[in-house]
Structure formats: C-alpha cells, structure tokens
Amino acid sequence: MNLILLPLLFTPGVLGHGFLQSIIVNGVSYSGWAPYSDPYITPLPPRYTRHFPDNGPVPDFTTPDITCKQGNVPIPYNISIPAGSSVKFQWDQWGSSHSGPVMTYIARCPGDFSTCKADTGNVWVKIDEWAYKPDQTPPWGSDKLAANGASWTVTIPKTLQAGNYLLRHEILGLHVAGTRMGAQVNFLIGYLKDNLSNYGG
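Letter by letter, the sequence shown follows residues -16 to -1, 1 to 185 in mature numbering (1 follows the signal peptide of the UniProt record, and there is no 0).
Please note that the accuracy of each hint is not assured.
[Claimed, not checked] Pairs of lysine-lysine residues, derived as DSS-like cross-links and limited to a Cα-Cα distance of at most 30 Å, are as follows:
#1 Lys101 - Lys142
#2 Lys72 - Lys110
#3 Lys117 - Lys142
#4 Lys101 - Lys72
#5 Lys117 - Lys72
[Claimed, not checked] Cβ pair distances, simulated, as ranges:
#6 Gly147 - Thr121: 18 to 26 Å
#7 Gln120 - Pro27: 25 to 33 Å
#8 Trp108 - Pro37: 20 to 28 Å
#9 Gly147 - Ser81: 13 to 21 Å
#10 Pro118 - Pro37: 19 to 27 Å
#11 Gly68 - Pro27: 15 to 23 Å
#12 Ala131 - Pro27: 33 to 41 Å
#13 Asp119 - Pro37: 38 to 46 Å
#14 Pro27 - Ser81: 17 to 25 Å
#15 Ser21 - Tyr116: 29 to 37 Å
#16 Thr99 - Pro29: 32 to 40 Å
#17 Gly95 - Tyr116: 21 to 29 Å
#18 Asp119 - Leu28: 40 to 48 Å
What the hints contain is simulated information worked out from the structure, not anything from laboratory work. In this text, a Cβ means the ideal position worked out from N, Cα and C, and glycines have one as well.
Let the sequences and hints guide you as you build the complete structure.
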C-alpha cells in the first residue's frame, strides 16, 4: 500500500492544535507538509501529505473542503504499505484543551493518484475510532493521543483489495461544539495516499 499524508490543521499559537509531522511505516519515517516552513524551502524534499495553505481548521463542513481541507491537490509521492500493517501518525504536538474523538478513514481511488480527491459521494470508510471511553484514563481519544507523545497507531485492514487509497486521520475538537458547526470548525485532519498494489486480501 502506498500512502500520502495530509497534515493536521490547526490555528497557530493554540496549544490544543497541531499538524501531522510524519508517518512511520515498518520503521521508516515519511515527512509531512510543514505549512509554516516548507513554502520557503527550495528545493523541497519529498512530503507525503497534501500541501495545505495553512493548518487551520475546516470552517464549513458543508463544502468539499471537509474531505481533504482547502487546497485538496493531489501530490506525486506515496508510501507502500502491506495490508494488515501498522501505521503510526506522529503529530508535532497535541495539548489536552481540545478534547474529542480520533478517527481514521480510508477511501479507494478508482484511477490514478494524480486525479484522486475523494471529495464526492460516499467513498470514505472508517477503519479506526476512539471517541469517549469512560472506563479509560484518559477517556477521550485526543487526550490519549496527547498522552502517547502526540502519536496514534492504526492497523490497515488485512481484507482491503489491492489498489490506490487515500487514508484520512483526524481529530475532532468538541470544545466549541455548542455552536452551529462548532465541532467541525475544529475538524483537524491528516491524510495519507495509499497504494495497496500486490497486498490486497
């Protein structure tokens, strides 16, 4: 499977936010887009996430931006990952002030990665979730992620068919969920592009 990751979105200066710094697969680390430094680096090393204009949250969940954030432009890099493997998402930081669920979704790309946006139709399938678990300490997925050094590990399903996939890792901040689209305003996303060639179950 090949993965391309998009960074988490966050508001600068807010401890409760962060972005996806790297993706670790089979002991190899793949760097994500750093929105506040990478625009000034030439030549830019390979980045395995889509390039966002910033790392702020998606402001309106009724638009296609909720799928892969503003600037959803495919990139040329991917990561080969066998189905059934573990993928570790390493965030640059995550505080405990923005508690909420941590979720991971996958979407198949019917064609080449160069045209895949996965922003229309019901194409996303959830493969991992930690919402609120009252019997756990801490109970929220985001707080568990923070306690794990701002990292999260998921297992790619063994039964996935071979092909090209996008993988979306997200943290849903609920601290302003009492307002209209409040939870989505703090919808924090990280993305991977997956190619499950030769590994499908």
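Hints, verified against the model:
no.	hint	verdict
1	Lys101 - Lys142	holds (24 Å)
2	Lys72 - Lys110	holds (16 Å)
3	Lys117 - Lys142	holds (26 Å)
4	Lys101 - Lys72	holds (23 Å)
5	Lys117 - Lys72	holds (21 Å)
6	Gly147 - Thr121: 18 to 26 Å	violated (39 Å)
7	Gln120 - Pro27: 25 to 33 Å	violated (45 Å)
8	Trp108 - Pro37: 20 to 28 Å	holds (23 Å)
9	Gly147 - Ser81: 13 to 21 Å	violated (39 Å)
10	Pro118 - Pro37: 19 to 27 Å	violated (38 Å)
11	Gly68 - Pro27: 15 to 23 Å	violated (35 Å)
12	Ala131 - Pro27: 33 to 41 Å	holds (37 Å)
13	Asp119 - Pro37: 38 to 46 Å	holds (40 Å)
14	Pro27 - Ser81: 17 to 25 Å	violated (37 Å)
15	Ser21 - Tyr116: 29 to 37 Å	holds (35 Å)
16	Thr99 - Pro29: 32 to 40 Å	violated (24 Å)
17	Gly95 - Tyr116: 21 to 29 Å	violated (38 Å)
18	Asp119 - Leu28: 40 to 48 Å	holds (45 Å)
Hints 6, 7, 9, 10, 11, 14, 16 and 17 from the earlier list are contradicted by this structure; the remaining hints agree with it.
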